[in-house]
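K.L.:
Residue numbers (my numbering), protein chains in the order written: chain Z, 4 to 411; chain R, 33 to 293; chain F, 993 to 1642.
If you're looking for bench data, these hints aren't it; they were derived computationally from the structure. Even for Gly, the Cβ is constructed at its ideal location relative to N, Cα and C. There may be inaccurate statements among the hints.
Claimed, not checked - BS3-like cross-link-like pairs, simulated, lysine-lysine; straight-line CA separation at most 25 Å:
no., chain 1, residue 1, chain 2, residue 2
1, R, Lys238, R, Lys154
2, F, Lys1630, R, Lys119
3, F, Lys1630, F, Lys1600
4, Z, Lys245, R, Lys154
Unchecked claim - Partial pick of chain F residues on the chain Z-facing surface, computed with a CB cut under 10 Å:
no., residue
5, Asp1282
6, Pro1283
7, Thr1445
8, Ile1450
9, Leu1452
10, Val1578
11, Ile1621
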Amino acid sequence: MRALVRSNPSILWFLGLLAAFCLGVTFLAEATGTGAISTSFVKTLGKTLCLCLVAIAMDVVWGYCGILSLGHMAFFGLGGYAIGMWLMYARTEIIVSASLASAAIPPTPQEVEDAIASQIFGVVGASEFPWLWAFADSLVLQLAMVVLVPGLLALVFGWLAFRSRVTGVYLSILTQAMTLALSLYLFQNASGLRGNNGLSGLQNIPGLGGVPQSVVSIAFFWVSAVALALGYLLFAWVVSGKMGSVVRGIRDNEARVRFLGYHVEGFKLFVFTLTAIVAGLAGALYYPQAGIINPAEIAPIASIYLAVWVAIGGRGRLYGAVIGAASVSLLSSWFTGGGAPDIDLGFYEIQWTDWWLVLLGLSFVAVTLYAPKGIGGLIDLVAERRAPSRSRDLGPDASALRKTEAAE
Amino acid sequence: MTDAALAPDTRPTRKRETLLELSGVSVSFDGFRAINNLSFQIGEPELRAVIGPNGAGKTTFMDIVTGKTRPDEGRVTWGERNVSLLKMSESRIAREGIGRKFQKPTVFEAQTVEENLAMALKAPRGPFDVLLGRTGASGAERITAIATEIGLAEHLPRIAGELSHGQKQWLEIGMLLAQDPRLLLVDEPAAGMTPAEREHTTDLLKRLAERHAVVVVEHDMEFVRRLGCKVTVLHEGSVLAEGSLDHVTANPEVIDVYLGR
Amino acid sequence: MLRALVLFLTALLACAAPPAVAQDSQLQAILQTHADEVADPGRRSVGPLIDDLAASGLPGIARFLDRWSNKQVFLNAGDGLFYYGARDGETFALRDIASDEPVGTAPASALEEIRPNGGVRRVIGSALVQFQLSDPDRATRVDALDALARRPAADQLEPLRASIEGEPDPALKARKERLAGLLTARFGEGTETRVAAIEDLADATDIETRAGLNRILASRSEVAETLPEGVNLARVLEIGPDLSEADAYSRLVDDGLAPAPVTNAEVKTALTANIQNGAVAGIPVEQLSDPDRRTEAYAALAASGAVPPLVTPEAQAEAVASHVFYEVYEDPDPVVTEAARSALDTIEARVARFQVLDIGLDAVSLASIYFLAAIGLAITFGVMGVINMAHGEFIMMGAYTGYVVQQIVPNYTASLVVALPLAFAVTFAAGVALERLVIRHLYHRPLETLLATFGISIALQQLAKNIFGTQARPLTAPDWLGGAWVMGDVVAIANIRIAIFVLALIFLCVLLYILKRTRLGLEVRAATQNPGMAGSMGIDPGRINMLTFGLGSGIAGIAGVAIGLYAQVTSEMGSAYIVQSFMTVVVGGVGNVWGTLAGATLIGGLQKGIEWFNPSNTLAAQTYMILFIILFIQVRPKGIVALKGRAAGD
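Use the sequences and the hints to build the structure in full.
P.N.:
Structure follows, in structure tokens:
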């Protein structure tokens, strides 16, 4: 641990800033402080922390291991669905039990279940629980699903994809196809997850009916912050030392790593699955704060945005991913939420709700062209100017992509 | 030369027995026969030089042994128990004890010299071994020893991409040493080296060949002569001649296709 | 009512003169001859009148018969003539019986409404069919045939047969003959006649014939303790595969053969109604959340006679087991039903073959669309190793170009002729601009190109939304592309899809020509196979890249116009096709026109095939298709048509 921090001073910086930020938010929040920050904004910040977590995972799989996965938001969504099932079941159970309790005769367990089922699945014209919901009544088992479902999907998909040596652009397209298949599947009413209605009412935590949302939001904010900190430490550990060497080696020259005797597919699978699990956990923290999840959240575009965040923040640096996710997603909600002032050009008025995506798209192109190291690259520049040391460039650079004999 | 560079190899110098054998191997690319009914064997320990004009199939030969290219027909057997290499993946073959140095140095340019060596260092190769295992004191010692051997002790914390071409060559040789393979496939080790470095390389290869099987692919006749070992001449994908350098250079066919030009 | 009023007013204006100025006519004359039968028709007596009418061959007879049976014919007591009448308040608007011209009004009191009874109406109806079937107006005849096919009846057979002879239209004549055959099969006299008619029908595929045969095979479900003798048995239903036990039991209940089971809700109601002092039959209410205790309490109530007893699952199973469930043909003649069954089987086998053809053609047209959408992508990917995520937006751009052209050029055919090359030009220019401004700077960084072009893609999509709005814009096809090519009532291909197929074919040929026969093609192929070597041979890779990128984008624009013609033009239409296009490229193999063709065919065929098995669910079809592709990559990682050897660059 000490060695990890010594070799990676950014960890301390990061944890310190995160802690300061959390304290600041707590001090300004409605439930615990002055109330300068509204509950809904605390939720937005909490959600942003979860997005930062999934962005770190994306950074590890893409920035370090070189797999441009367009499927990590799908894992994120699966985590959300897994926890959402329990939230929705348990909450509906409370409501249904309350309404059945007033009946003259106490309900049988079967009646309670039927009532819950028709309450949840009424919107898709069903009244029975699909097999998917077998464990929905158990928080522990659904929490296990948060890890297992994204993990197993990543394991199986990754095994198939890596085994057949699909790499580069091909692999990206394949992960995108997986994501598309998943979201199309979930869009069906027959999928057992309420089709395009998705799961809703997730912000109401069962058993915490009396606790105001302002408290719930700050609690989730803290849990998200802790998860982000732990995730940061985990991935900092994974990408340091020899594991980091091998993983970056795979990114830069897969064949050479293979000739050194490393089973490249195994390492890729490890990274892919581990990041998928973390993405699932991030999703499980995100959606109770968002309150609703539906298949549109899993659509390929979401995963592409994730890649955009990481690219803008700077690949190959964990803090870069955090900066990218936080800045772009907050800016995005500022612009689309009408926070940005419209610009009157005289002949045309630029309304940012309409033009934000154009701006984002073009600035993304600009970043790719002119600042391939992203915002994180600026931090490197500053750090280097202050303490010119032997550079430890962890980012992929042009030399990494130079054609080499082993790769030909 | 510190002994530490080759230290973990406690195998005694033993009687030569066949380590790798190729028989009747052929491979074609889009109708072009790169390797044509090639048979080759090398014992352990042994030093062997492979020469031949461009397009003779030297690189393809190495590709076949390391598992990068699958032959259309023929057998490739390995070790005392004559296991076939044809079904194995590249990484499995490398773990079996076949190391390769590429013609153009292919080191991980974004990483430090130390990281490059540590990655090559002989150790369990599974993801969890790598994640949880530690490069202990003995590992660090070995890295230092190898770095000294290849003249990069000063440069351990440097990014490999900043090294000169010759230094990269040495780093790649160092990685090969760190792997501690039983069979070393060395493609043009002396390219881009100063005469002193060449001598050093020759010494190193000769010393390695006391305990290991070493195959050196080389163009430079002077270098081959200094190795003073058995020579195999490849031409159009098969063995044209085999024997001492003097023996093969006397062969009229060899003179025709290679030396005579 | 409104129309009646208008007629009334018109009548008032036109004939301010005294009402009911009779216009003498032959029809009126015939009716007057049989005045008694017309005014008070009887089933038997009406025959000679109808024969006379038929013999007269007058034009208005069908109309008269129709209105007669619909109680719209009135006898004017004043002049003793017959009129068509429509009630209009207190008075009736009258029309001439022969010419259907308004002739004035008459008070209700002056008119006698003629009301043929049911039997007469039937006789009139069948006579009417005969008139309609021989009506000089083709549309009337078609209507009559449609009505006949919808509601076939035994007494229509003769009039139908009678009308075949004089039918001038060969298509209608064939249809009449077929319908006559169907009617004979269903209502003919004697088994042999019917079987012969059925056998004649076995070579048809049309829906009418299939429906007709199915009517002969109509059956009803019955249940009995033992299988009865002497019925025309269709089949015996097995419990399980054919009929669930619950359904079987409820059928027994419906037939009064078993007591109705007591539902859980009824149990609950009964228990609720019998709560006494916080307990039901001695069992405390709190314990009734246990289903077993509930059963116990209910059983106790039943024992006391307060409620009907529970029907246990065992009793239900026993009741079902002791009965036999079967279906009986409505038609009592087993020989006929047998013949109908085998004829229908023959027809259905033929229909299935047609359906396979239909699916095949559907798949071909879908494949053409995918080919058009993907070929540009395949070319750029093959030559430059670049995946253009904005390719879908180029498709969209082409479609919007078509839309804009249609706003300016009103003639649909002309606008299409303008739109196709213009879309190519617009997207070609956009492609070249993209290549020069962005992609050129990102060579050898394929993943970053993918992301940069994605940035372009979201910007273009939003831009289109800002310019054209979010709602779908129509791109209307000219009329000559509007119809469909129909074969045997089963195969139906929209002309627009045929046109797209032809377009794809043209592009296939053009591309093959460019690649195989032109200097540019040679250079492109060289750059695909070995970029380094091509460069050193003096081929300017920048120019090749620019042109291929432009070409690929231009074809996307054309594809956009084609797709826009049958789907809606929206800012998101590109993203709907982009993944399928990627799949096509991946499955087909990179850098080869034939590979893309193979990929498009496979994907199109697969999608249609899956939809056929699961026709209601396009989403599921796409899901399974993508799963298939992931597995396909396992078998052929480089696609169907793969480059081999060192050139493949693995």
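K.L.:
Now tell me if each hint is right for this structure.
P.N.:
Verification of the supplied hints:
In summary, the hint linking lysine 238(R) to lysine 154(R) is supported, as the alpha carbons are separated by about 21 Å, within the 25 Å threshold. Note on lysine 1630(F) and lysine 119(R): the hinted pairing holds, with a Cα-Cα distance of about 21 Å set against a maximum of 25 Å. Taken as a hint, the lysine 1630(F) and lysine 1600(F) pair is honoured in the structure, with Cα atoms around 24 Å apart against an allowance of 25 Å. Our distance criterion of 25 Å between C-alpha atoms is met by lysine 245(Z) and lysine 154(R), whose separation comes to about 12 Å.
For aspartate 1282(F), the suggested interface contact is upheld, since its CB lies about 7 Å from the closest CB of chain Z, less than 10 Å. Nearest Cβ of chain Z to the Cβ of proline 1283(F): about 5 Å, under the 10 Å cut. The hint holds. Because the closest C-beta pair between threonine 1445(F) and chain Z is about 8 Å apart, less than 10 Å, the hint holds. Because the beta carbon of isoleucine 1450(F) sits about 4 Å from the nearest beta carbon in chain Z, less than 10 Å, this interface hint is met.
For leucine 1452(F), the interface hint holds, the least distance from its beta-carbon to any beta-carbon of chain Z being 8 Å, beneath 10 Å. Checking valine 1578(F) against chain Z by beta carbon gives a least distance of about 6 Å; that is within 10 Å, so the hint holds. Because the closest C-beta pair between isoleucine 1621(F) and chain Z is about 6 Å apart, less than 10 Å, the hint holds.
When the structure is compared with the earlier hints, no violation turns up for any of them.
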